[in-house]
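Colleague: Residue numbers (this note's numbering), protein chains in the order written: chain A, 1 to 195; chain F, 196 to 390; chain W, 391 to 585; chain P, 586 to 780.
To be clear, the hints were calculated from the coordinates, so they are not data collected in a lab. On a predicted model such as this, the values are computed, not experimentally measured, just so you know. Take the hints with a grain of salt, since some may be wrong.
[Claimed, not checked] Here are the computed lysine-lysine pairs in the DSS-like style, where the Cα-Cα straight-line distance is at most 25 Å:
| hint | chain 1 | residue 1 | chain 2 | residue 2 |
| --- | --- | --- | --- | --- |
| 1 | A | K113 | F | K327 |
| 2 | F | K389 | A | K173 |
| 3 | F | K273 | A | K113 |
| 4 | A | K141 | F | K368 |
| 5 | W | K466 | W | K424 |
| 6 | W | K503 | P | K726 |
| 7 | P | K646 | W | K508 |
| 8 | P | K698 | W | K563 |
| 9 | W | K584 | P | K726 |
| 10 | F | K273 | A | K124 |
| 11 | A | K76 | A | K173 |
| 12 | P | K758 | W | K508 |
| 13 | F | K313 | F | K273 |
[As the list claims (entries may be wrong)] What follows is a list of derived Cβ distance ranges for each label pair:
| hint | chain 1 | residue 1 | chain 2 | residue 2 | range |
| --- | --- | --- | --- | --- | --- |
| 14 | P | G648 | A | K48 | 53 to 61 Å |
| 15 | F | N315 | P | E636 | 55 to 63 Å |
| 16 | P | E713 | W | Q400 | 42 to 50 Å |
| 17 | P | M754 | A | D40 | 34 to 42 Å |
| 18 | A | G41 | F | D247 | 37 to 45 Å |
| 19 | W | D565 | P | E713 | 35 to 43 Å |
Just so it is clear, CB atoms sit at the ideal spot from N, CA and C, and this is done for glycine as well.
Here's the letter readout for the chains.
Protein chains: 4
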Amino acid sequence: MKRNKPKYKQIIDAAVVVIAENGYHQAQVSKIAKQAGVADGTIYLYFKNKEDILISLFREKMGQFVERIEEGIAGKQKAAEKLLVLIEYHCRHLSGNHHLAIVTQLELRQSNKDIRLKINKVLKGYLELIDKILINGVETKEFSEDLNIRLARQMIFGTLDEMGTTWVMNDQKYDLIVQAPAIHRLLLNAVGGKY
Amino acid sequence: MKRNKPKYKQIIDAAVVVIAENGYHQAQVSKIAKQAGVADGTIYLYFKNKEDILISLFREKMGQFVERIEEGIAGKQKAAEKLLVLIEYHCRHLSGNHHLAIVTQLELRQSNKDIRLKINKVLKGYLELIDKILINGVETKEFSEDLNIRLARQMIFGTLDEMGTTWVMNDQKYDLIVQAPAIHRLLLNAVGGKY
Amino acid sequence: MKRNKPKYKQIIDAAVVVIAENGYHQAQVSKIAKQAGVADGTIYLYFKNKEDILISLFREKMGQFVERIEEGIAGKQKAAEKLLVLIEYHCRHLSGNHHLAIVTQLELRQSNKDIRLKINKVLKGYLELIDKILINGVETKEFSEDLNIRLARQMIFGTLDEMGTTWVMNDQKYDLIVQAPAIHRLLLNAVGGKY
Amino acid sequence: MKRNKPKYKQIIDAAVVVIAENGYHQAQVSKIAKQAGVADGTIYLYFKNKEDILISLFREKMGQFVERIEEGIAGKQKAAEKLLVLIEYHCRHLSGNHHLAIVTQLELRQSNKDIRLKINKVLKGYLELIDKILINGVETKEFSEDLNIRLARQMIFGTLDEMGTTWVMNDQKYDLIVQAPAIHRLLLNAVGGKY
DNA sequence: GATGAATGAGTATTCATTCAT
DNA sequence: GATGAATGAATACTCATTCAT
C-alpha cells in the first residue's frame, strides 16, 4: 500500500507547501519533487498524475480533519454542543495549518472542474457530519422541528467556508478561534436552538 | 468612453456565454471574439487584457444586480423585510440568468488569486449592502444589539453563496426562489430577528 | 487553402532538411520551425500536429513523384518502356533529392504504426501505378499471361525499395541512375517480357 | 558465457512476445522483464542495454534461420533448386513464427539508425547466402553470365522482404507457402534461369 | 546472482497578445 | 477603428539504467 509509505506523505506535504507559497498555477511537479527531496520521476511511483496529488492531498487532510471532529463530537450529548465542537475544530483546523488553509480555501479552487468534482466527493463526508448533528438536534427537539436540513447544512458550511476564505484572503491576520462562540450563537439561533 | 460603446457590452455578453458553455479554462480570447462577432485584436481595443474582460464582466453584471436590490429595499421599512428582498432578489438573479449563474458561481472561481482579489473588490458593494441592512436592524432593535456585523454578513453571504453554488452544481434542477422564505427564516433567527 | 500558402511548403521543406540531417528522433518541432524561419507556434497554423507534418511531407513529395511518372509513362506505348520509365524516374527521384532520399528510405520508417499506416495509404498510388503497367503488359501479351500481378508488383516495388535503401545506407556513394537498365532487364525477364 | 544460460534465451523470447503484442515503442524493458519472469535489473546482467536485447534477438533468430537454409541447400545440385529451397524456407520461417514475423518485418524497423545498421550486419549472412547461390548459378551457366550479382541479390531479398511485410501488414491472413513456386518462377526468370 | 526503488533528461503544444495593413 | 497572422514562453510525464541490499 503506497499510501502508508513515508514518501507518499512526504510528497503531499511538499505539495501543500509549494502550492501555498507559489500559488496553484506555479506549483510545478518539479517544484513539488524538489521540496519533497525526491526526483521528479519518483512522484509518479506514488501518484498517477498531478491531479492525483491534489486530490490525494485533499482526501488525506480532509479525512483526518473529519475524523478528529467525529472523535470530538463523540463525547458530547447535546446537538448544540456538537455544533460548537464542529465550529471550534473548523477554526482551529484553519488556524493551525497556515499553508493548508491557503491551499484549501484559495488555491485548490482554481483547479479545473474534474478535480473540483472529486474534491466535492471528499467534502461530502464533512457535509454528512453536519447533517448528522442537525438531524440529531431535530430529533431531540433541541432544534426547530420543521428545520430544512439541506438549507441549514448549506448555511452552516457556507458560513464557515466564507469565514475561512475571508480570513485567509486577509492574510490570516486576526484570531479565528476566538470567534467560534459568536459563530456558534448565530448558527444555533438560526436552527432554533437555545444555549 | 469605451464602456458605453455597443461592442463593449457585446464582448462581455459573449464572454458570459463562452465561459458558461465551455468552462473557464476553455474560454479562449479567440472563442470570445468569435462569439462576439469581432476579430481577436478588436477585443484589445476595448479591454486591456483577458483579465480585464473577466473583471469588467463581473463589475457590470454585479453592479446591475446591486442596483436593483437597492431599489427593492428602498420601499421597505423593516430590516427583516429588507433582508427578505435581498434573499429573494439573490435567488431570482441566479434563477433568471442561467449562463451568468454558472459563470459567477462556478467558472470565475477558477481564476487566479489576482483576479479573485479584484472580483472581491467588486463584491464589496454587495457586502456593504448586507452590512447596511444589519446595522439598520440593530439600530432599530429588530436584531440582537450585540450582533457581530462582520460575522453576520459572512453568514448571510456565505449561506446565499453556498446555496447558489450547490444549486448550479446540481444543474439548477430545483426551484431556488421557493426556498427564499425558509432561508429568510433561518438567517433572521440567527440575527435575533422576529417575524 | 493552407496547402497552397508559401509557409506550408516552406515548413515541409524545412522538415525534410531537419529530419535528414538530425535523424527522425532528433527532429524536434522547434528545430523544424527554426529551419523554416518561423515561430514554433506558426507550425500549428498549418499543421494539426507533428505527425501531420510528416504525413503531409510524404503526401506532397510522393504525390509529385507519382504525377511525374504518370506523365513520363503517358508518352510510351509498350509496357516494357513504361516499366523502364518507372525505374529510371525512381532512380532519378532518389538521386536528385539527397535529403528526401534519406528521409523516405530511412528516417520516416522509424515512425510509429499510425504514421506508417497513413504513409502506406499514400504509397498505394505508386503501387497502383505499377499494377497498371503490369496489367497493360499482360493484356498486350508483352508479359506472361499467367502473371501473378500482386506478386510481380511486390517484386518490382521490393526490388526498387531495397535498392534505394541499400544505396542510402551506403551514403549514396555510387551512381544509382546507371543501374536502371540492368534493373529493368532483370524485372522484365521476371515478368516474361522481351527487349 | 551468458548466451548459453537459460535466462538469456528466456529474455529474448520474452522480448519477441512483448514487441509483437505491444509494438516496438510500447515494449519497455520492464514489460520484457515481467514477461520473462525476472526483475528489471536482471536484464542488465545478460544484456548491455536495451539495444543489445534487440540486436541479440535478431542475431539469434536470424542465425538459426540461415543455418537451416544452408542445411536445406546442401542437398541440392542445381542453383535453381537452391533458390527454391531458400524461398520456401523464407516463407515457412515467416509462416511458422507468428510473433517473430511481426517483430522482424514490422516492429524492429522502427528502431533507430544505429540499431538498423547493426541488424544489417546480421543480415549480411543471409545476403551472402543468396550471393553464393547466384554465383554458383552463373558459374554453371544456369543463370545469365552477365548477371549483376549485387542487383540480383537486392531483387531477391527485396522481393521476399516486401512479400513478407505485406503479408504481415495484412495480418498474415493468406497462405504464404503456396506462393513460393510462383515467386520462384518470377525470380528465376529474372536471373535468366530455366525450369 | 537477483532485486526493484529511485533517478532525471527531454519536448510537443497552447493561447494571450501584438502590429502591419 | 478593425483585422487576424504571427509570435514564443512554459511544463507534465516516461522509461532506460543504476546500485544498495
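Colleague: Hint by hint, say whether it matches the structure.
Modeller: Okay, the hints, checked on the actual structure:
1. Between K113/A and K327/F the alpha-carbon distance is near 35 Å, which puts this suggested pair outside the 25 Å criterion.
2. Taking the CA atoms of K389/F and K173/A, the gap is near 35 Å; set against the 25 Å cutoff, the hint is violated.
3. The suggested pairing of K273/F with K113/A is violated, with an alpha-carbon distance near 41 Å, which exceeds 25 Å.
4. With a C-alpha separation of about 32 Å, the suggested pairing of K141/A with K368/F is violated against the 25 Å cut-off.
5. Pair hint K466/W plus K424/W does not hold up; C-alpha atoms about 44 Å apart against a cutoff of 25 Å.
6. A threshold of 25 Å between alpha carbons decides the hint, and for K503/W with K726/P the separation of about 45 Å lies outside it, so the pair is violated.
7. For the suggested pair K646/P and K508/W, the alpha carbons sit about 30 Å apart, so the restraint of at most 25 Å is broken.
8. A hinted pair counts as satisfied when its Cα atoms are at most 25 Å apart, and K698/P with K563/W qualifies at roughly 18 Å.
9. Pair hint K584/W plus K726/P holds up; C-alpha atoms about 20 Å apart against a cutoff of 25 Å.
10. For the hint pairing K273/F with K124/A, the CA-to-CA distance comes to about 38 Å; that exceeds 25 Å, so the pair is violated.
11. About 31 Å separates the Cα atoms of K76/A and K173/A, which puts this hinted pair outside 25 Å; it is violated.
12. With a C-alpha separation of about 21 Å, the suggested pairing of K758/P with K508/W holds against the 25 Å cut-off.
13. For a cut-off of 25 Å, the pair hint linking K313/F to K273/F is broken: about 33 Å separates their Cα positions.
14. The beta-carbon spacing between G648/P and K48/A, approximately 43 Å, falls outside the hinted interval of 53 to 61 Å.
15. Between N315/F and E636/P the C-beta distance comes to about 59 Å, which sits within the given range of 55 to 63 Å.
16. Under the hint 42 to 50 Å, the C-beta atoms of E713/P and Q400/W, about 46 Å apart, fit the expected range.
17. One distance hint, 34 to 42 Å for the beta-carbon pair M754/P and D40/A, holds here, with the actual separation near 39 Å.
18. Between G41/A and D247/F, the C-beta spacing of about 40 Å keeps the proposed range 37 to 45 Å intact.
19. Separation of D565/W from E713/P is about 24 Å and departs from the stated range, judged on CB atoms against 35 to 43 Å.
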